[in-house]
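Please arrange chain B on chain A, whose structure you already have, making use of the hints.
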Amino acid sequence: MQYSNELKVGAALILSVIIFFVGFRFFQDLPLFQGSYMLNATFEEASGLGEGNPVEMKGVSVGTVESVRLDQNDQVVRVQMRINENIRVPEGSTVRVTGFSGVTGVRLVIKPGPADNPPVTAGATLSPPPQGTVLERLSDQAPALASKADSVLNSTNTTMQALSDQLSNPDSDVRTTLQAFRRTMEDVESITEAEKETIRQFLSNLEAVSGDLREFTGTRGDSLSLAVDRLNRSLTRLDRSLASFERSTATLDTLTTKLNEGEGTMGRLINDPSLYNRADSVAARTNRLLLDFQENPSRYLEDMTLVKVF
Amino acid sequence: MSSLLEFLFSPLRALGRYSILMARAAASLDEIRTYWSNLFDQMVRIGIDSIPIVSLAGAFSGAVLTVQTSYQLESPFIPRSIIGSIVVPSMMLELSVVVMGFILAGRVGARIAAELGTMRVSEQIDALEVMGLNSVGFLVLPRVLAGVLMFPVLYVASCAIGIGGGVAVGHFGGFITAGEFMDGARQFFKPFDPFFGLIKAVTFGFIVTSIACYKGYYTTSGAEGVGDSTTEAAVLSCVFILVADLILAVTLL
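One line per chain: the protein sequences are A and B, in this order.
Residues in the first sequence are numbered consecutively from 9, following the numbering used here.
Residues in the second sequence are numbered consecutively from 32, following the numbering used here.
Errors might be hidden in some of the hints.
Here are the simulated lysine to aspartate or glutamate pairs, DMTMM-like style, with alpha carbons at most 25 Å apart [claimed, not checked]:
| no. | chain 1 | residue 1 | chain 2 | residue 2 |
| --- | --- | --- | --- | --- |
| 1 | A | LYS119 | A | GLU59 |
| 2 | A | LYS16 | B | GLU146 |
| 3 | A | LYS16 | B | ASP61 |
Just so you know, the hints here were simulated from the structure itself, not pulled from any lab data.
Treat the numbers as computed from the prediction; the structure is a model and nothing was measured.
If we strip away everything but chain A, and leave its shape as in the complex, we get (with noise of 0.2 Å):
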């Protein structure tokens, strides 16, 4: 079959604008056959955000960002994102940018609002996570910290009021505690009533003793200072003979321990016994000597010349 030229031309034309058209909602990861909404966005900070990149809603992509736009009047940056027409953003919902342009990419994240709110309508702004100062912060968590603050106070009303309880009933521990506290009280009173005198004369006596020990450090304190100058010499000496005695012990510890390993010739002779059984071999030999001298001199004296002339 033999096709004209129109219909070639046609037909690559269509094709081509077919696979173009998908194509680019392919990488834009839009649904092909889907239609899409636009939401913006305002940031103070885009980070390198750029047109094309993502936008996720709880981890999963649901649309990307259409375009990225300096507003030099206000010096902010206007973000338009295309979003999937089946994604519900709800009201309240947050939007920021994360990641990093060259590892991950970077990307837009929808942090939705209460499930229960309607879903923004299209064009609809978005606004970042509350940032910034502490009282910007403070201001958002104040209805929270009211109803803290509100609980706190309940708590505090209801102990106190038992509290009261307590203290009003004639029956309860701690009014017990408290009466017997206040009896211990006049008890002790009644004692120091009782046993004035007492402590009168033992202040006074204690007030006596300190003032002879003042009068005592006045009128001897020359003598005081020397004879603690001289205690302070004596312990000074007696501490370098300790430590003097402390080296001669370790010298000693020293020695007698090489001598019971055997070291040296004091540890040899003491710890060695073949010295003494030679000593004793010799002295039985000399024994055996003199005797044989006593009983055979004429052994001994055949060969000695006591006197030679010639």
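This is chain B only, laid out in the frame that chain A set:
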């Protein structure tokens, strides 16, 4: 001295002749209905007939780019999806359209220059003029128009098949799964990229066909002149494709 001036002025003279030829072609636009069938004929010969070679080049470009990118980015700190983020924009912005431009400079440009050159040296163009036909409207305009219209179509084919080739080689070669590839591509996709590719394709289409028509239309010196025109058309087209590529990138990106 005069020869030096001649040498210096020759580019200007060539530019002037080229501009006048294109102006005559543009002035013939209202006559295009007369040469309607001629236009479709050229669209088929320039566009449809070039789809196989352009697709082949695109597929291999994408495949090689994927393999080489995965080789270059072999690091545990770089996610593999980055391969897709590099291959797809590279194909859309540069590789598919420039490779296509070079191939068509040889295939389409040389053919047009040879065709018109032969017609010129065999005095067929003169015969057309004698018959009262507008030779520029009949020969040049349909070819240039066909190039401008069909190069974007070829770009779409080259790009789609190139990215497909990249995905296929990456997936079946074990470099990157198709899912990772597409995730990376979507991550850094800029909607302007394919449009920029289309703008390049239109520009390159005009450059290749208009230079070929100019060289062929003003061919002299017989068969040797036809050979020279054909060579010059292909070479000049490639040079001006590179120049235009740079100018477009600097001005539009």
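Hint by hint, here is what the structure shows:
For the suggested pair A/LYS119 and A/GLU59, the alpha carbons sit about 20 Å apart, so the restraint of at most 25 Å is met. Using a Cα cut-off of 25 Å, the hinted pair A/LYS16 and B/GLU146 holds, with the two alpha carbons roughly 23 Å apart. Taking the CA atoms of A/LYS16 and B/ASP61, the gap is near 24 Å; set against the 25 Å cutoff, the hint holds.
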